[in-house]
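Fit chain B to the given chain A structure using the hints.
For the record, the sequence lines run as chains A and B. Start counting the first sequence at 1; every next residue gets the next number (our numbering). Start counting the second sequence at 1; every next residue gets the next number (our numbering).
Wrong hints could be hidden among the right ones.
Claimed, not checked - If we take Cβ atoms under 8 Å as the criterion, some of the chain B residues that face chain A in the derived model are:
id	residue
1	23
2	27
3	31
4	103
As the list claims (entries may be wrong) - Examples of chain A residues lying across from chain B (beta carbon under 10 Å, computed):
id	residue
5	12
6	47
7	99
8	101
As the list claims (entries may be wrong) - Keeping only pairs whose Cα atoms sit at most 20 Å apart, straight-line, the calculated SDA-like set for lysine to any residue is:
id	chain 1	residue 1	chain 2	residue 2
9	A	46	B	13
10	A	46	B	43
11	B	43	A	86
12	A	46	B	5
13	B	13	B	85
14	B	52	B	75
15	A	46	A	64
I should point out that these hints are in silico values taken from the structure, not numbers from a laboratory. Heads up, the beta-carbon is just placed ideally off N, CA and C, and yes, glycines get one too.
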Amino acid sequence: QSVLTQPPSVSAAPGEKVTISCSGSGSNIGNNYVSWYQQVPGTAPKLLIYDNDKRPSGIPDRFSGSKSGTSVTLGITGLQTGDEADYYCGRWDSSLSTPWVFGGGTKLTVL
Amino acid sequence: EVQLVESGGGLVKPGGSLRLSCAASGFSFSTYSMTWVRQAPGKGLEWVSSIKSSGTYIYYADSVKGRFTISRDNAKNSVYLQVNSLRDEDTAVYYCARGRGDWSRDLYYFDSWGQGTLVTVSS
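Looking at chain A on its own, in the form it has when it is part of the complex (with noise of 0.2 Å):
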């Protein structure tokens, strides 16, 4: 079974900068594609990252994704109030009987 593991909580001052990691067990993540949502709470998930590091259009540059080994990062700068947040990584694994799962998800409170 694969596992998507994320700090449950994150925080930081408006201004500061916050990382999220995604780190992949049961299949290596290496492989995979992963993309990130936030969820303001009362609200539908909102796409922010795929393919590990690309941007929609619409979502600011102070978001950005990584990837190194078995681990995914989702990096926040210049925190708003706004940012604060539940945020999700998943991944879709072809190998897998069920293929697509998501990140426990990491609340963000903005200081």
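Frame of chain A, contents of chain B only:
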């Protein structure tokens, strides 16, 4: 503008059934895979099921296999989720999402989401 509008949720007793619908507009529906994702109250996102554009390939989470059925009608620009034998733990907001990428290359993500429909299973 891409729009996904879910409907069909509601209050249902354990063991009951519902048919969730997702109406799509603003894009060429028949060329995209579609997915259902759910979120139990206070919990994280859980992938439920995906269907390829033609409907030929379908996947389910182990937690719903044998109870839920995903289908699509490309003529009606809609994807459905038939949910049977409902359990308390199926209580959640159910989102439909548009998929992009290539399953065979493990390059896949969800670029548009609906607002969700709430399914509450309770006696």
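Each hint tested on the structure:
1. This hint is violated: residue 23 of chain B has a C-beta 15 Å from the nearest C-beta of chain A, more than the 8 Å allowed.
2. The interface hint given for residue 27 of chain B is broken, as the beta carbon of that residue sits about 14 Å from the closest beta carbon of chain A, more than 8 Å.
3. At a threshold of 8 Å, the smallest CB-CB gap from residue 31 of chain B to chain A is about 18 Å, leaving the interface hint violated.
4. Interface hint at residue 103 of chain B: satisfied, since its Cβ lies 6 Å from the closest Cβ of chain A, which is below the 8 Å cut-off.
5. Of the supplied interface hints, the one on residue 12 of chain A is violated, with its beta-carbon coming no nearer than about 21 Å to a beta-carbon of chain B, more than 10 Å.
6. Using the Cβ-Cβ criterion of 10 Å, the hint placing residue 47 of chain A at the interface with chain B is satisfied: the shortest such distance is roughly 5 Å.
7. Checking residue 99 of chain A against chain B by beta carbon gives a least distance of about 6 Å; that is within 10 Å, so the hint holds.
8. At about 7 Å, the closest approach between the beta carbon of residue 101 of chain A and any beta carbon in chain B falls short of 10 Å, and the interface hint on this residue holds.
9. Of the supplied pair hints, the one linking residue 46 of chain A and residue 13 of chain B is violated, its CA atoms being roughly 31 Å apart against a limit of 20 Å.
10. In summary, the hint linking residue 46 of chain A to residue 43 of chain B is supported, as the alpha carbons are separated by about 17 Å, within the 20 Å threshold.
11. With a C-alpha separation of about 11 Å, the suggested pair residue 43 of chain B and residue 86 of chain A falls inside the 20 Å cut-off, and the hint holds.
12. Only pairs whose Cα atoms come within 20 Å are accepted, and residue 46 of chain A paired with residue 5 of chain B is accepted, the gap being roughly 15 Å.
13. A hinted pair counts as satisfied when its Cα atoms are at most 20 Å apart, and residue 13 of chain B with residue 85 of chain B qualifies at roughly 9 Å.
14. This hinted pair checks out: residue 52 of chain B and residue 75 of chain B have alpha carbons roughly 15 Å apart, not beyond 20 Å.
15. Restraint check for residue 46 of chain A and residue 64 of chain A: the C-alpha separation of about 15 Å stays at or below 20 Å, so the hint holds.
The structure fails to meet hints 1, 2, 3, 5 and 9 from the earlier list, while all remaining hints are met.
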